[in-house]
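Listed below, chain by chain, are the residues.
2 protein chains.
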Amino acid sequence: MRTVVPTALEQALTSAVDAARPWAATPPGARAHALETVAGALDAHSDELVPLALAETHLPSARLRGELARTTFQLRLLADRLRSGLLDDVRIDHADPDWPMGPRPDLRRTLVPLGPVVVFAASNFPFAFSVAGGDTASALAAGCPVVVKAHPGHPGLSRLTARVVTDALEAAGAPEGVFGLVEGLEAGVAAVQDPRVRAVGFTGSLRGGRHLFDLTSARPDPIPFYGELGSTNPVVVTPAAWRERAEAVAAGLAASFTLGAGQFCTNPGVVLVPDVPGLLEALPPVSGARMLTPGLAEGFVRALDALAGEPGVEVARRADGTAYDAPGAAVLTTHGDVALARPEILSAECFGPSTLLVGYRDREQLLQLVDALGGQLTATVQAGDDDALARELVPLLAEHAGRVVWNDWPTGVTVSDAQHHGGPYPASTASTTTSVGTAAVARFLRPVAFQGLPDDALPARLRDDADGPRLVDGRRVGDVGGPRS
Amino acid sequence: MRTVVPTALEQALTSAVDAARPWAATPPGARAHALETVAGALDAHSDELVPLALAETHLPSARLRGELARTTFQLRLLADRLRSGLLDDVRIDHADPDWPMGPRPDLRRTLVPLGPVVVFAASNFPFAFSVAGGDTASALAAGCPVVVKAHPGHPGLSRLTARVVTDALEAAGAPEGVFGLVEGLEAGVAAVQDPRVRAVGFTGSLRGGRHLFDLTSARPDPIPFYGELGSTNPVVVTPAAWRERAEAVAAGLAASFTLGAGQFCTNPGVVLVPDVPGLLEALPPVSGARMLTPGLAEGFVRALDALAGEPGVEVARRADGTAYDAPGAAVLTTHGDVALARPEILSAECFGPSTLLVGYRDREQLLQLVDALGGQLTATVQAGDDDALARELVPLLAEHAGRVVWNDWPTGVTVSDAQHHGGPYPASTASTTTSVGTAAVARFLRPVAFQGLPDDALPARLRDDADGPRLVDGRRVGDVGGPRS
Numbered sequence: 033m034r035t036v037v038p039t040a041l042e043q044a045l046t047s048a049v050d051a052a053r054p055w056a057a058t059p060p061g062a063r064a065h066a067l068e069t070v071a072g073a074l075d076a077h078s079d080e081l082v083p084l085a086l087a088e089t090h091l092p093s094a095r096l097r098g099e100l101a102r103t104t105f106q107l108r109l110l111a112d113r114l115r116s117g118l119l120d121d122v123r124i125d126h127a128d129p130d131w132p133m134g135p136r137p138d139l140r141r142t143l144v145p146l147g148p149v150v151v152f153a154a155s156n157f158p159f160a161f162s163v164a165g166g167d168t169a170s171a172l173a174a175g176c177p178v179v180v181k182a183h184p185g186h187p188g189l190s191r192l193t194a195r196v197v198t199d200a201l202e203a204a205g206a207p208e209g210v211f212g213l214v215e216g217l218e219a220g221v222a223a224v225q226d227p228r229v230r231a232v233g234f235t236g237s238l239r240g241g242r243h244l245f246d247l248t249s250a251r252p253d254p255i256p257f258y259g260e261l262g263s264t265n266p267v268v269v270t271p272a273a274w275r276e277r278a279e280a281v282a283a284g285l286a287a288s289f290t291l292g293a294g295q296f297c298t299n300p301g302v303v304l305v306p307d308v309p310g311l312l313e314a315l316p317p318v319s320g321a322r323m324l325t326p327g328l329a330e331g332f333v334r335a336l337d338a339l340a341g342e343p344g345v346e347v348a349r350r351a352d353g354t355a356y357d358a359p360g361a362a363v364l365t366t367h368g369d370v371a372l373a374r375p376e377i378l379s380a381e382c383f384g385p386s387t388l389l390v391g392y393r394d395r396e397q398l399l400q401l402v403d404a405l406g407g408q409l410t411a412t413v414q415a416g417d418d419d420a421l422a423r424e425l426v427p428l429l430a431e432h433a434g435r436v437v438w439n440d441w442p443t444g445v446t447v448s449d450a451q452h453h454g455g456p457y458p459a460s461t462a463s464t465t466t467s468v469g470t471a472a473v474a475r476f477l478r479p480v481a482f483q484g485l486p487d488d489a490l491p492a493r494l495r496d497d498a499d500g501p502r503l504v505d506g507r508r509v510g511d512v513g514g515p516r517s
Numbered sequence: 033m034r035t036v037v038p039t040a041l042e043q044a045l046t047s048a049v050d051a052a053r054p055w056a057a058t059p060p061g062a063r064a065h066a067l068e069t070v071a072g073a074l075d076a077h078s079d080e081l082v083p084l085a086l087a088e089t090h091l092p093s094a095r096l097r098g099e100l101a102r103t104t105f106q107l108r109l110l111a112d113r114l115r116s117g118l119l120d121d122v123r124i125d126h127a128d129p130d131w132p133m134g135p136r137p138d139l140r141r142t143l144v145p146l147g148p149v150v151v152f153a154a155s156n157f158p159f160a161f162s163v164a165g166g167d168t169a170s171a172l173a174a175g176c177p178v179v180v181k182a183h184p185g186h187p188g189l190s191r192l193t194a195r196v197v198t199d200a201l202e203a204a205g206a207p208e209g210v211f212g213l214v215e216g217l218e219a220g221v222a223a224v225q226d227p228r229v230r231a232v233g234f235t236g237s238l239r240g241g242r243h244l245f246d247l248t249s250a251r252p253d254p255i256p257f258y259g260e261l262g263s264t265n266p267v268v269v270t271p272a273a274w275r276e277r278a279e280a281v282a283a284g285l286a287a288s289f290t291l292g293a294g295q296f297c298t299n300p301g302v303v304l305v306p307d308v309p310g311l312l313e314a315l316p317p318v319s320g321a322r323m324l325t326p327g328l329a330e331g332f333v334r335a336l337d338a339l340a341g342e343p344g345v346e347v348a349r350r351a352d353g354t355a356y357d358a359p360g361a362a363v364l365t366t367h368g369d370v371a372l373a374r375p376e377i378l379s380a381e382c383f384g385p386s387t388l389l390v391g392y393r394d395r396e397q398l399l400q401l402v403d404a405l406g407g408q409l410t411a412t413v414q415a416g417d418d419d420a421l422a423r424e425l426v427p428l429l430a431e432h433a434g435r436v437v438w439n440d441w442p443t444g445v446t447v448s449d450a451q452h453h454g455g456p457y458p459a460s461t462a463s464t465t466t467s468v469g470t471a472a473v474a475r476f477l478r479p480v481a482f483q484g485l486p487d488d489a490l491p492a493r494l495r496d497d498a499d500g501p502r503l504v505d506g507r508r509v510g511d512v513g514g515p516r517s
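Those protein sequence lines, which keep their order, are chains A and B.
So that you can map any letter, position 186 of the first sequence is 218 in our numbering, and since no number is skipped, the others follow by simple counting.
So that you can map any letter, position 52 of the second sequence is 84 in our numbering, and since no number is skipped, the others follow by simple counting.
No false leads were slipped in.
Covered by chain A, according to a simulated footprint, are these stretches of chain B (three or more residues, beta-carbon under 8 Å): (1) 139-146; (2) 241-253; (3) 428-437.
Just so you know, the hints here were simulated from the structure itself, not pulled from any lab data.
Quick caveat, the model's predicted, so the values are computed rather than measured.
Here a beta-carbon is modelled for each residue, glycine too, at the ideal position from N, C-alpha and C.
Chain A extracted, bound-state conformation (with noise of 0.2 Å):
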């Protein structure tokens, strides 16, 4: 059953129609003009957006700013890729009469925009993943039009945001409803089941995201829906490591799982540590911060009072206060038998200042607890020097995790072209796509193969004297190539 569509959000569709084909056809020097030009307004805008989050996030200030950084960085990252053509997948098959399985045409493979995008901002991330973050400029990238459902958590701060990414394009010459803003739930559940919009890229929590999912799946023509729900990102800690260095490791967890107030999706929930005494004695004391939202906080307290309550689980350490500004930060322990008895309390996932730690009694009951762990951003693997047994976990825990780390932690995830930000569900509705880094471009491509055509009827990029990186013929030629026009 269709959602009425809000007046907002049908005006900002119908410009985002409107936007789609001149914008899929923008050439991507000028797409990447545009690109650039959203981050410098973005810059020049810093005085008023970082106190803007600021007021409306509690945020510290300094974080703000790096995040900020982080936003403009990846515009001009994707920017720069878009002139490579790195972007492209060019791939082309001349006509081989010789073809094993018969003669073969002319073939010619590059990808085009599905078309207008919904982006789901996130609370976490006032800059980063929000109105002009990675999924707006990964689908503005790929020549989509972009409609942010902004989250509720910071109103100001997206209407400023969108005023000024809304400017930045109008100057750079983008079509006219390239980008558009829309507020409230009610606004976002017709978007994702309108007809027009060709997919979605969501971050937030699972229940929310789920509930999106199923609607665009169920839509009579399904589209991408591109989640981020949830993740425990699980750290193990082995013998080794724990034995060569306890206190680095017991200070290196305080600190990224309190970092932020915990309000991360990367933030490390599950610690697989072994079952000897004194990593809880080793912990430096714990405190919470301010949360993002009230909602947020009695949702952590929610949570971790669940979590605290199964058999077996202790609450080691709590600071005093389940309010919104002290939601307590919390250490809990259990042991491995209890985990594999119930494996759910792997998964359960905490958004906030908190960390269970599983104590495990040996090498087997370890692999049995890795073999346990659900779908995940993230796993982490403390090691010693010469650790056989850390070698052995790194292929186990890539088979559940999109990123595997190595004596550092999982929080801090930069933008790059080997980043990947996914993996098994609920980590992402779309385990072979990331939402970081160049790659999140493509989940708002798709391919075309184009047949036997004449050179001028090609797109430009597919022309014979076209340069960038390209498959031709089995074989990768092209180096990363100078600018495009």
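Got chain A sorted already, so can you dock chain B onto it with the hints?
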């Protein structure tokens, strides 16, 4: 609600799970060897396989031999690409303290197999889209165990092919249980809901495919469903093409839509032609051929009757007979005005030897009709010399189709690196992926990024001394390397 798992499926899935880890860990060279061994065994058994296929499908022997050659070529091509490293999508970002958004750790990304895959065989390609067809070949190449759900249209052939494949894989040293065969609708329905199954490949009807897609989407942990469900493969004949070579266009169309009794997913079912007299007269006589199964023949006649019953749609020609042996090849006609008033007739697939000619009044109406096309596997333009309109149509047709064909016919789908066989729904349930060509392997792989690992803890292909094509610090380096162990 989970379906009860039939015994044969239970055995196949248990074995597939056991095989998943050793098969994933099998080096690309050894996996390539296994695919080649399967190809060799199929060739060696062609004198048993082809007669059995002939008896069960009524397809001509030459066609079946050609299809088997395509099937074994496909396995060998994937083996070659496995050895060259082309399928690994290796990306390496070295640690960079000066990365503009903040110091970057060493990050290396490649692809890992999803796990056990269920493949639904198609009726119309007893070799190439069946037991040892494209989905099976690409899932095995990806490192995933495969359980094929046989098509009931050729049960004996399915069993013999499965035996040949199983024996060959065993001879090549592949883990036991890496390939299995199950039969029956019940097994298929249970398989797509089974928690051990990590992806599904399907080629078949819109109705059956959509039902299975809905089941996979409703799982507690949704998995990718790669379904190729339907397409009317529109052909546009421009006025210039008609003026310059009417006879050739008419002859090509007649040959294409009756090929293989019209039982191709790329059958040209809709032809947009200038609203001038003559095309019908120019068409050579067409006749049907025995179809694959009584069920397909009945479905064809039913769909054709429904389309013929639409107001404004005329039956211009229809061969006698509605029986299995002679299902009555047909040419229907209508006008652009009718199709624009009821655009669903442009998407009404009649799986069999028929086509619908839609007369368009002028360029404006043609562009409206193109906009009204649904998702398609292919779209074809029959162009004249220096045909500006044909060039204008290329990007518009690419909005609807996965492959755009110029002055050729859509039937005939080569297997190569640049091939794309997919398109917006219902052509595919996953329009960003292809079911034909070497890119089909990526459907069964997901990326994993490895952060900060010592060289000897990395997967072999990500180590410093590995060869093969790769993206390093944003630049494509390393042409296709030599054979890999």
